[in-house]
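Build out the structure end to end from the sequences listed, making use of the hints.
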Amino acid sequence: MTEQQASGSEVPVQLNQKKRVAFVAHCLVNQNAKVQEFARSRGAVPGVVDRLRSNGYRIQQLPCPEMAFAGVDRWWQGRELYDKANYRRHCRILAMNMAAPIAEFYRRGYEVVVVGLDGSPSSGVRYTGQAKNWGGRPQFDDGDYEVVAGMGVWMEELKSVLESCDIPWPRASGMLLDTTDWDESRDLPGCLDELDEFLRAGGTTAEISDDVIVRLGNSQDA
Numbered sequence: 001m002t003e004q005q006a007s008g009s010e011v012p013v014q015l016n017q018k019k020r021v022a023f024v025a026h027c028l029v030n031q032n033a034k035v036q037e038f039a040r041s042r043g044a045v046p047g048v049v050d051r052l053r054s055n056g057y058r059i060q061q062l063p064c065p066e067m068a069f070a071g072v073d074r075w076w077q078g079r080e081l082y083d084k085a086n087y088r089r090h091c092r093i094l095a096m097n098m099a100a101p102i103a104e105f106y107r108r109g110y111e112v113v114v115v116g117l118d119g120s121p122s123s124g125v126r127y128t129g130q131a132k133n134w135g136g137r138p139q140f141d142d143g144d145y146e147v148v149a150g151m152g153v154w155m156e157e158l159k160s161v162l163e164s165c166d167i168p169w170p171r172a173s174g175m176l177l178d179t180t181d182w183d184e185s186r187d188l189p190g191c192l193d194e195l196d197e198f199l200r201a202g203g204t205t206a207e208i209s210d211d212v213i214v215r216l217g218n219s220q221d222a
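In this text, residue positions in the sequence shown follow this note's numbering: the first is 1, and each later residue adds one.
Derived from the structure by calculation, the hints contain no laboratory data.
From a predicted model like this one, the values you see are computed outputs, not experimental measurements.
Some hints could be false.
Cβ pair distances, simulated, as ranges [stated by the list, open to error]:
| no. | residue 1 | residue 2 | range |
| --- | --- | --- | --- |
| 1 | Thr-180 | Gln-17 | 38 to 44 Å |
| 2 | Ser-41 | Arg-215 | 26 to 32 Å |
| 3 | Arg-108 | Gly-190 | 29 to 35 Å |
Beta carbons: idealized from backbone N, C-alpha and C, even for Gly.
This is how it looks when you write it as structure tokens:
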């Protein structure tokens, strides 16, 4: 039995396989949302969808907080410029909208993972990007953008919202694509191998009470 890939290739689908779902950073499957000059490919990052599906994951695309907040023609920004009250409030609103589907997948017995974009000021899981010299008149030096350990603002707020709703933060990792010297032929194979290893290990499972679902519904009605 086979399932047709969006790329035109085919991968085997096993019956009775584990129920798995991945909540994936928006731009990993839609590079058109990236800030100008940071897109690594046209459309999805090559190989990402194949790896997710070959490991038995349903794919749920997370929203792009930066594009929703500042548009498609936004300036390059480091974590410092996004680490502001209004942007965090914006991210929390998006996170509340994601809490219900994450809780529902847990409730239905799925293993849940989050796949972020490491190096991103918003979507980084293990690494984020800072540029302490950026600000004011837009005249940027690529070398000012530094990848450092830590979460991006969007991932921090998503994690915070889930935990405040008594929903466990899923097992999470990121693909390290947001570096100024990234090269597809050199770096993509290693990124995909690391993603494959992460996905094979499976995700988080959790018991979600009816009370959590009711509270999520009430919060969205407020």
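| query | Are there hints from earlier that the structure breaks, and if so, what are their numbers? | reply | 2
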